[in-house]
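Visitor: One-letter residues, chain by chain:
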Amino acid sequence: MADQEPVIGIDLGTTNSVVAIVQGGQPHVIPNRTGQNLTPSIVAVTSAGKRLVGQLAKRQAITNPENTVYAAKRLIGRKFSSDQVRRARESLPYRIVSGEHDDVRVQMGEKAVSLPEVSAAVLRELKLDAEAALGRTVSKAVVTVPAYFNDGQRQATKDAGRIAGLDVLRILNEPTAAALAYGFGKQVTGKIAVFDLGGGTLDVSVLEVARGVFDVVATGGDTYLGGEDFDNRIIEMLVMNFAKEHGVDLRKERMALQRLKDAAERAKIELSELNETNINLPFLYTPPGGTSAIHLQATLTRARFDQLTQDLVERTVEIADKVLREADVHPDELREIVLVGGMTRVPAVQTAVRRHFQRDPSKGVHPEEVVALGAALQADALMQPSSQVLLLDVTPQSLGVAIAGGYNRVLIPKNTTVPTSVTELFHTSRDGQTTVKIMVLQGESELAHQNELLGEFILSGLRLAPRGDVEIEVTFEINSEGIVSVSARDKETGLEQSITVTASGGLTPEELKNILEQQADSMLEARISSEVEQKRSALTSAAAEVAALIPRVRQLTGSSEFGREALRRAEEVIASARAAAEGEDLTALTDWVDQLERTRVLFVGVLERLGARQ
Amino acid sequence: MGLSSSGGAKLLPSGTHDPLSEAVDLDLDRKREILARESQLARDDWTVLGLKPGATAEAVKLAYFEASRIFHPDRYYGKNLGSYRARLERIFHRLSEAHEALTEALRRAPPPRTTSPSRQATPGPGGNPPGADARAEERRARLARHPYLSSKARAGALVEEAQRQARSAPEKALHLLDQARALGGGQQKGRAPAVEAEAKQQMASKRSEDEMQSGNAAVREGDAAAAAHAYSRASELDPHRPDAAYEAARWALKAGDRPLAEARVLAQRAVSLRPDHLPSQLVLAEICIRMGMGSVARRHLEAALKLDPRNAEAKALLRQVR
Numbered sequence: 269m270a271d272q273e274p275v276i277g278i279d280l281g282t283t284n285s286v287v288a289i290v291q292g293g294q295p296h297v298i299p300n301r302t303g304q305n306l307t308p309s310i311v312a313v314t315s316a317g318k319r320l321v322g323q324l325a326k327r328q329a330i331t332n333p334e335n336t337v338y339a340a341k342r343l344i345g346r347k348f349s350s351d352q353v354r355r356a357r358e359s360l361p362y363r364i365v366s367g368e369h370d371d372v373r374v375q376m377g378e379k380a381v382s383l384p385e386v387s388a389a390v391l392r393e394l395k396l397d398a399e400a401a402l403g404r405t406v407s408k409a410v411v412t413v414p415a416y417f418n419d420g421q422r423q424a425t426k427d428a429g430r431i432a433g434l435d436v437l438r439i440l441n442e443p444t445a446a447a448l449a450y451g452f453g454k455q456v457t458g459k460i461a462v463f464d465l466g467g468g469t470l471d472v473s474v475l476e477v478a479r480g481v482f483d484v485v486a487t488g489g490d491t492y493l494g495g496e497d498f499d500n501r502i503i504e505m506l507v508m509n510f511a512k513e514h515g516v517d518l519r520k521e522r523m524a525l526q527r528l529k530d531a532a533e534r535a536k537i538e539l540s541e542l543n544e545t546n547i548n549l550p551f552l553y554t555p556p557g558g559t560s561a562i563h564l565q566a567t568l569t570r571a572r573f574d575q576l577t578q579d580l581v582e583r584t585v586e587i588a589d590k591v592l593r594e595a596d597v598h599p600d601e602l603r604e605i606v607l608v609g610g611m612t613r614v615p616a617v618q619t620a621v622r623r624h625f626q627r628d629p630s631k632g633v634h635p636e637e638v639v640a641l642g643a644a645l646q647a648d649a650l651m652q653p654s655s656q657v658l659l660l661d662v663t664p665q666s667l668g669v670a671i672a673g674g675y676n677r678v679l680i681p682k683n684t685t686v687p688t689s690v691t692e693l694f695h696t697s698r699d700g701q702t703t704v705k706i707m708v709l710q711g712e713s714e715l716a717h718q719n720e721l722l723g724e725f726i727l728s729g730l731r732l733a734p735r736g737d738v739e740i741e742v743t744f745e746i747n748s749e750g751i752v753s754v755s756a757r758d759k760e761t762g763l764e765q766s767i768t769v770t771a772s773g774g775l776t777p778e779e780l781k782n783i784l785e786q787q788a789d790s791m792l793e794a795r796i797s798s799e800v801e802q803k804r805s806a807l808t809s810a811a812a813e814v815a816a817l818i819p820r821v822r823q824l825t826g827s828s829e830f831g832r833e834a835l836r837r838a839e840e841v842i843a844s845a846r847a848a849a850e851g852e853d854l855t856a857l858t859d860w861v862d863q864l865e866r867t868r869v870l871f872v873g874v875l876e877r878l879g880a881r882q
Numbered sequence: 146m147g148l149s150s151s152g153g154a155k156l157l158p159s160g161t162h163d164p165l166s167e168a169v170d171l172d173l174d175r176k177r178e179i180l181a182r183e184s185q186l187a188r189d190d191w192t193v194l195g196l197k198p199g200a201t202a203e204a205v206k207l208a209y210f211e212a213s214r215i216f217h218p219d220r221y222y223g224k225n226l227g228s229y230r231a232r233l234e235r236i237f238h239r240l241s242e243a244h245e246a247l248t249e250a251l252r253r254a255p256p257p258r259t260t261s262p263s264r265q266a267t268p269g270p271g272g273n274p275p276g277a278d279a280r281a282e283e284r285r286a287r288l289a290r291h292p293y294l295s296s297k298a299r300a301g302a303l304v305e306e307a308q309r310q311a312r313s314a315p316e317k318a319l320h321l322l323d324q325a326r327a328l329g330g331g332q333q334k335g336r337a338p339a340v341e342a343e344a345k346q347q348m349a350s351k352r353s354e355d356e357m358q359s360g361n362a363a364v365r366e367g368d369a370a371a372a373a374h375a376y377s378r379a380s381e382l383d384p385h386r387p388d389a390a391y392e393a394a395r396w397a398l399k400a401g402d403r404p405l406a407e408a409r410v411l412a413q414r415a416v417s418l419r420p421d422h423l424p425s426q427l428v429l430a431e432i433c434i435r436m437g438m439g440s441v442a443r444r445h446l447e448a449a450l451k452l453d454p455r456n457a458e459a460k461a462l463l464r465q466v467r
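Protein chains in written order, with the numbering used here: chain H, 269 to 882; chain S, 146 to 467.
Don't read these hints as lab results, they were simulated from the structure.
From a predicted model like this one, the values you see are computed outputs, not experimental measurements.
Incorrect hints may have been included.
Lysine-lysine pairs mimicking DSS-like chemistry, simulated, CA-CA at most 27 angstroms apart [claimed, not checked]: (1) H:Lys682 with H:Lys590; (2) S:Lys197 with H:Lys459; (3) H:Lys590 with S:Lys345; (4) S:Lys399 with H:Lys682; (5) H:Lys631 with H:Lys590.
Some chain H residues flagged as far from chain S (calculated, every beta-carbon gap over 12 angstroms) [as the list claims (entries may be wrong)]: (6) Gly292; (7) Ile503; (8) Lys631.
From the three backbone atoms N, C-alpha and C, an ideal C-beta is built for every residue, glycine too.
Please model the entire structure based on the sequences and the hints provided.
Guide: What follows is the structure in structure tokens.
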């Protein structure tokens, strides 16, 4: 089906993003317009108000730290008051402010921009890259998220897609995508574990694979453990040493901090290949007294780096172990361990995985690209009925309801294959209770308030009865899109009520609508300005052509009354047309292009007749 | 929180309507297939998967996967399915349920094994095909005579010695392996991890035994929390030890000072290690009840009653979840 619209797969990463597509049955990465496979997930606004995305934004990050937003994935779909956001505010150089309903916004120039909008800028960039490479419009995508993202974070990512003009067919878990890409085309049969350590998150999944079916057995991880934590350990060490030596706290210097961050990341990457690396940051700090600037020079060995980050590495394998235990899978049963994410290039991480699972992790997948390839494969599987690939995914977190005493009663445990449903009986807890409030929770805590509240609804009009006498049947359903619906029924009266529960990604429906409308306006503007640009260049070349004809026309007809009049008119048209080219008026431009064209046709006709006679 | 009431829209058509004539993006054969499978959903797990009772775990898995290819709603993404969407979701849900139940049942009562359990516990890569050992032996002897390769041969000898010691003196074995590694025993890569695993396993089970003893001591002193702690350490050290898992779960439940989820993991482990041990089933069921997982508890209580249909405790608990 060559005429079907292409559907892309996007790995929207904490530090880098990748876009891929399946063509001719094979998945491959689409390089961006500068020829790179990886696009930095960075969005910036310059002092002139220009928005930059990707490599361009990364390049100016050092000189413009306050208005350069990176690691947006750590904030998307979270609450401003949450611990994670509080921690992020301490370490990120750009300003994080609260939205109207405890959502997170980042200050970019004059505007407080929502996180879905920031991520949308990256997604749009990837969409444009794909369109440039494929030569056609792309409007559908599968986007990946860490397995441990909750509904709010998933919804926010979906919103980002909409703002970017992409219909997100499916939100896919990153480790699952990696497993798809790993297993694709191989005759893999058995259980495999995916260990995905990226820039900001750790995800571990166990899958059972046979004949193209990928059955997720268990998934888990930590949304706050990744490469940046490793970088931060290096930064902390450098800052401490600098403070000891020069008595200056570099953490207060935004520009210095940004340079340290870059240098730490580079050093970490180099230590994957080398045993030792130098960190050189000349003129890092200029004391206010006008004395000469201080440079930073340091040597970092791999051994020291391993020591600085040892506990982080330990935590990654502990989490992996926990996921296996929850899945009731013994490491011996695993056929393969697939390492995904740039951070798995770090030798200490590889060693820890090897030691812990007592086998060599499998090589042969590109850790940074495999997730996007998997997303493209799932996109293809959904669109092509003939596809060999089928993914049986699970709910990453338990779903439950709040019960008396402030507890959480789990109805669908995590790692249940979707679509699924479950029905449970509830009883009234007070005498004469006529209404019951059902609070739908997502999370693993036994205490209701420690879970994410997905939504709540009230079933009213229960009959008067002693407590425990009224039975309410509550049915939870999760469909294959991951959408939760809940219905409750009074068993006696048959009174029924149901809702579709969608977590909010931080933007209210109105806010999202406004953003999309603004988007449409600015897109219209962009289209108009590109048309103006086209007419302008048409006008310039038409004017040049007419001007070029004038000398010959003058030579042949200059003596006649008609000739002089026509030449004078032509010169007038050229002058006015060139004046109009300075303006933005599309109608005027179009008119002048027409007039120039008429003049040109007239002159060419005259030249043909007179020239032929001579 | 975005919350909207969908007003309880009913997708199912009225009973008099013929589903075969419903205008959806499915051909007649597929409709028949879906309706036929749907009519089987109330039957036993084997039938639901299209299998005969007694099939192997492998066959269960493949039947589930093959059926998923037909009945998983993703296979019809973007299509107009009408009432068939709900049917597919129901069928697939039942398929996963049957697959899970049968897989767990077969795991509890696996087919007889030919190899001894202690060999089974070591990871696969170390296992050599029969006859290969003799040939490898000969090659190693030849290599040992070569001066350039003597360090590798020595490493090989160390690994062999470690293998002999792994069961009786695991600490010594691990030490020998370290030495072998320092020599760079290249050709031993395949075998060393298996030996190391066995030595570690041995060491873990020794330490596990110690923890069991201190757990027993704590029980005698009447300290439930300390007992739970010691037993769960024992189970962590040797996850294949059924009594450790069972005692750990039981005392964690009694002590009540730690998250129930932890106790559940232990109880689950106890049950999978020893499916015919009735007290394990009961502890797991009780934990599940306390965690509000009625349906899971029910499943385990039913399993318990299969083991002893007259068990009063199981009956009493079952009444709680009904």
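Visitor: Flag every earlier hint the structure violates by its number, smallest first.
Guide: Of the numbered hints given earlier, the structure breaks none, since each of them holds.
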